[in-house]
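Take a look at the letters that make up each chain.
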Amino acid sequence: MAAIVITYAVVNGGIYALLAIGFSLIFGVARLVNMAHTGFFMLAAFGLFYCTKKIGLGYIEAIAVTIVVVTLLGILVYRFIIDRVREHHAAVLIITIALVMIMESALLWRFGGETRGVPSLIGGYVDIAGVRILNQQLLTVGVAALAIIMVLLLLTKTKLGIAIRATAQDAEIAGLMGISASRILLVTMGLSVALAVVAGILLAPLEGVRPGMWGAPLVTVMVIVTLGGLGSIKGSIIGAFIIALVEQMASFLIPNGGYLTGTIILLAMVIVLIVRPAGLFGTMFEEEKL
Amino acid sequence: MLRRLLKSFQYGVLPVPGRLLAIIFFVFLFTLPLITDQRFYVIMFTFASIFTIFAVSWDLLSGYTGQLNFGHALFFGVAAYSSALLYKYLGWQPWATIPLSVLIAVVTGVLTCFPALRLRGPYLSLLTLAFPLMLAGVVVSLREYTGGENGIAALPALAGSEVQRYYICLIAMTVSVLIMWKLTDAGSSNIRTGLIFHAIREDEIAARASGINTVRYKLLAFAIGGLFAGLAGALFTHVIQSVGPSSLSLTMSFQAIIWVIFGGIVSIYGAVVGVFILYPLMDLSTRLGDIIRGLSIPSTPFFVPLIKIEHFVLFLTDRPIIILSVVVIVILLFMPEGLAVWIRDKIERECPRCKLTNGFWRKECRACSASLH
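Sequence order for the protein chains is A and B.
Heads up: the first sequence begins at 1 in our numbering, then just goes up one per residue.
Heads up: the second sequence begins at 1 in our numbering, then just goes up one per residue.
Just to be clear, a hint being listed does not mean it is correct.
Stated by the list, open to error - Partner residues aside, some chain A positions facing chain B, computed with beta carbon under 10 Å: (1) I94; (2) A98; (3) S105; (4) A168; (5) I238; (6) I242; (7) L260; (8) T261; (9) T263; (10) L266; (11) V270; (12) P277; (13) L280.
Simulated from the structure, these hints should not be mistaken for laboratory data.
Just so it is clear, the structure is predicted and the values come from calculations on it, not from any experiment.
All residues carry an ideal CB built from backbone N, CA and C; glycine is no exception.
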């Protein structure tokens, strides 16, 4: 049983990590809490479903189309809606919530409310330590790890990544160094949405797609990001695996635990916030301290 | 007495369009059952009154003191569930359950405040967001006592008839809004809370440096927020006569925020305007759907596109949240201060010298005749 718990924790942890990095990235750079983040994740899952099942594209084409279309959509939404109210923190929250509601309703109108299956990219399974692991799950872990490594390399080794991190640390000084803050924000938003899209594409074959699928991951991602420290990439990755493990243990060990997983991970978040408000790896700016 | 009232009406209300509109609005609400005897409108405005108390209490806590609370449904849900449980296990009637559950909500507010004192900004929002969700998980898992996802039904009604219920909720709303308006009035010389709440929002350290015990006032703000949100929750339970986990949901918390920000944050009247525009809008769109269903469109080929449009409109009216979302986005893009504040700025002008409000039609101040340009 321990093997099952660990397997599921690793698979879910990979997907959570992708979502949490994107959420954390845009928060760190723009101080923007994007409640529509898992909305893009949902759109990506539906994009894959639509391209493969309805249009009948091949898997590779479907993935390419989904990534490009949804990421572009994210950038357009940021440019024409979110960017205009960026100064008003509460307005950003409300607008992003309204956006995700519209996304959900649009999907509901087009596809209906039931859960739809998406075919796996690769079939079959392997036995590892007595646990039956689908090849699709292995692929998920692999792709997630690859995406995370690429993002880390991008942020630490390239000029663009350094510019992004500089803007996150101090937008004014970064501006003085000749970095265009608005362009960096646009790029960061694109990167953040692209990560959510990859997560959506990976999750769709495992759990199917339905229009309400943005709600639960949003809460989980917020917990992870708080646990790891808002704006910290390393914290998001480690937090994602911790929370995935806690979730799986809760639903396996506690009777009636399926209802309580949310409560338990939220409790973990509350404790972290009270004991160490900046999270495990986060840094708090001076003006945010009390 | 009457003459003094008339005089204050003539000089205090008539020249200020905002006050005039407020009085017309309340007169309309109090005479509503005389104007129409349709149950639909009476029930709609009953709920609007309850949600106004809820939204205004969020504005007081989060708008004025700047403690952005994303889990305001906690107080609403705690009071709703305690009313229901008090009836289920002790057999108490509404007149006893409502005060006690309001008290429980106040205690909840104070307890929430202790961890919240250490945090601010997005961290505080995330913390408060967690509480109602955690409680909802506990409530659903204790299904023997709370009925799980189905909740508790068949609770006693607040009063016999719909009109009686309407008046109870309306009076509760009027009194609560008046109290909260007075408490947050920064210009008042008797009550200092309004000024102090503003000071805490603008710069807490400066407020502390000026000798204000900010901890005490934050506790007060959470207690007042809990009190009125709890009142709304308890009234709501006894009007719909049931309670479920949806009273603790994210949607419930965000509804309050959407109403307040739509109407205008940090202005008590903004929250009232927000609820009384958006709630009827959502309700009426459902009604519109029923009317469209009543029409029968002939199914000849000529009308086929019309039927498609009908399906789309029906879908929209069944899920008014889409209309709400679009309206909110448009409003926030073009008037980020909120609708009520935007309108007030259009119809009123503050005198630059004596700070008296004037109607938009005046070129000179009505008291000191300074130019208003």
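Each hint, compared with the structure:
1. The criterion of a C-beta within 10 Å of any C-beta in chain B is met by I94 (chain A), whose closest approach is roughly 5 Å, and the hint holds.
2. With 10 Å as the threshold, the beta carbon of A98 (chain A) comes within range of chain B, its nearest partner Cβ sitting at about 4 Å, so the hint holds.
3. Annotation: interface hint on S105 (chain A) holds; nearest CB of chain B at approximately 4 Å, less than 10 Å.
4. For A168 (chain A), the interface hint is violated, since its Cβ never comes within 10 Å of a Cβ in chain B; the closest pair sits about 15 Å apart.
5. With its C-beta approaching chain B no nearer than about 18 Å, I238 (chain A) sits outside the 10 Å limit, and its interface hint is violated.
6. For I242 (chain A), the interface hint is violated, since its Cβ never comes within 10 Å of a Cβ in chain B; the closest pair sits about 16 Å apart.
7. With a cut of 10 Å, the hint placing L260 (chain A) at the interface with chain B holds, because the nearest CB-to-CB distance is about 5 Å.
8. At its closest, the beta carbon of T261 (chain A) sits 8 Å from a beta carbon of chain B; the interface hint therefore holds under the 10 Å criterion.
9. Interface hint at T263 (chain A): satisfied, since its Cβ lies 3 Å from the closest Cβ of chain B, which is below the 10 Å cut-off.
10. Of the supplied interface hints, the one on L266 (chain A) holds, with its beta-carbon coming within about 4 Å of a beta-carbon of chain B, less than 10 Å.
11. A cut of 10 Å between beta carbons decides the hint on V270 (chain A): the least distance to chain B is about 5 Å, and the hint holds.
12. Hint status for P277 (chain A): holds, given a least beta-carbon distance of 5 Å to chain B, under 10 Å.
13. Taking 10 Å as the C-beta contact cut-off toward chain B, the hint placing L280 (chain A) at the interface is violated, the least distance being around 14 Å.
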